[in-house]
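Starting from the given sequences, assemble the full structure and let the hints guide the process.
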Amino acid sequence: MTQTPSPHPGTQWPRWEVFKQDAPGRPWQAVGSVHAGDPDHALLTARNVFVRRPAAVSLWAVREGDILTATPEEVQTRPEVLDTPGEGGTYHVGLKRTHKRSMTFVDLVGTVEARGPGDAVRQAREEHPDALTWLVFPERAVVRTGDDPGTVDSWFAPARDKTYKQQQAYGVIGRHVGELKREGRMPGRVNEEPHIGAQKVHDHPHDPALQPAPRKVQP
Amino acid sequence: MTAPAALLTPAQTQALIRKLTALADDEIILAHRDGEWTGHAPILEEDIALANIAQDELGHAGMYLELRRTLDGSDPDRLAFFRGADGYTNVRLVELPKGDWALTMLRQFLFDAYEALWLSAAQKSSYAPLAEVAAKAVREEKFHLQHTALWVERLALGTDESRRRTQNALDELWPHVAQLFAPLPGEADLVAAGMLPELEKVRASWESFVLPHLTEKCGLTLPMALAEASEGRDVHTEHLAPLLAEMQSVARQHANAEVW
Chain P
1223 MTQTPSPHPG TQWPRWEVFK QDAPGRPWQA VGSVHAGDPD HALLTARNVF VRRPAAVSLW
1283 AVREGDILTA TPEEVQTRPE VLDTPGEGGT YHVGLKRTHK RSMTFVDLVG TVEARGPGDA
1343 VRQAREEHPD ALTWLVFPER AVVRTGDDPG TVDSWFAPAR DKTYKQQQAY GVIGRHVGEL
1403 KREGRMPGRV NEEPHIGAQK VHDHPHDPAL QPAPRKVQP
Chain L
3 MTAPAALLTP AQTQALIRKL TALADDEIIL AHRDGEWTGH APILEEDIAL ANIAQDELGH
63 AGMYLELRRT LDGSDPDRLA FFRGADGYTN VRLVELPKGD WALTMLRQFL FDAYEALWLS
123 AAQKSSYAPL AEVAAKAVRE EKFHLQHTAL WVERLALGTD ESRRRTQNAL DELWPHVAQL
183 FAPLPGEADL VAAGMLPELE KVRASWESFV LPHLTEKCGL TLPMALAEAS EGRDVHTEHL
243 APLLAEMQSV ARQHANAEVW
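In order, the protein sequence lines correspond to chains P and L. Under the working numbering, think of the first position of the first sequence as 1223, with each following residue one higher. Under the working numbering, think of the first position of the second sequence as 3, with each following residue one higher.
It is possible that some hints are incorrect.
Stated by the list, open to error - Label-pair distances were calculated between CB atoms; the ranges are: (1) P:Asp1369 with L:Asp102: 34 to 42 Å; (2) L:Gln16 with P:Pro1236: 52 to 60 Å; (3) L:His42 with P:Ala1381: 19 to 27 Å; (4) L:Leu46 with P:Ala1381: 17 to 25 Å.
As the list claims (entries may be wrong) - Heads up, simulated DSSO-like pairs for lysine-lysine below, C-alpha to C-alpha not over 30 Å straight-line: (5) L:Lys138 with P:Lys1384; (6) L:Lys126 with P:Lys1384; (7) P:Lys1384 with L:Lys144.
Unchecked claim - Every beta carbon over 12 Å from chain L, so not counted as near; a handful from chain P, in silico: (8) Val1279; (9) Glu1309; (10) Thr1320; (11) Thr1333; (12) Arg1366.
Note that these hints are calculated values from the structure, not bench results. Predicted, not measured: the structure shown is a model, and the values here were computed from it. A virtual CB, placed ideally from N, CA and C, is assigned to each residue, including glycine.
Structure below.
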């Protein structure tokens, strides 16, 4: 992963990648990032930025510096990425599988026991050769929201009752691009996320039938 | 909602209307002060977070005013947008200018702690509609409180400047805190009927939570003993009228608008 050096070293809060689980049994999915001074702060801001709506049940935050990513092209041109050194142990594996536009871009699919981050990517690549990107981070780097009833009730439950609209539900000037697409006047097809009424069910863009079973599910 | 209003005496109804309005007014004015940070907060994430908090507080105000509507048929929007400073009954704590980030976070912390504890007790209200609203709102307040408690701690234990600003904010806000715990006329009757939490008890739990956080955890110095509020909710600082003028300007210019 390339990191742009800060023009003001030591003055910027680190970036944390945020992984959200929409419902029990769903995979944690990368939804974006927050800047925060420490792990607790990262989770609190992540909740505000990413869980306002719709519902979620769990959030993880992982410091940018603890994540290693690689694409097939990068492995071709820089094979040494597979030797990236680091602590051995349990690593979480995330995959980007599609270029389809979506609110999420990486799903966590399980864990591997690895000698370091490079080895974790190597294993992820062997197991999921068709992925567009592999992402790994060590278990010790994860900060998680609690799964006690108090946390679930105050962090996640209020969002469930709130009404909200998908972006495409708002009026536009002229004609909605979806209409044009349905009439065959635009290339590609409309990107419809699954809904129950006005409530989006989850952010998962993929066909569940195509998903390999997670190798190990987090407690 | 079928109001159990039939069970209330006329005096209780009036006292409950006063209390619901005061609760709503605190939330509306605080939400507006928080909303003044939109686009100006220190980082994007906190900009979003504080706007979320403000929206939650406005939501609580809406719930209180809907309860009032069941008692006297008053329209929440009319109450929010067409009462002047002489009609608002918020505490002075929430109308003070937003100040710096330390003042905003500290005020929100002091208020969130009060509101979370008040709502927690109000869940047991014998007035069922209030108990329902409290059960809904308390969840959000608990989350707000975690967020603002974290910020107060980070600022108080941060740099010399952040500590100085946080202490200054505490010195400025502290004299206004006691008003949160001052009962309204007729409130005692509702407390006796089990409809409202007893403010003295809320205050005791507030102090046992807030005081150690500020002093032992954050190393701040309490300015003085929590003074009693000298004046009621009908007395405001000079800051409320300009706030209302801005907050109500659109509604007043387009008084007949139906769609916003």
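Hint numbers not upheld by this structure, sorted from lowest to highest:
When the structure is compared with the hints, none of them turns out to be violated.
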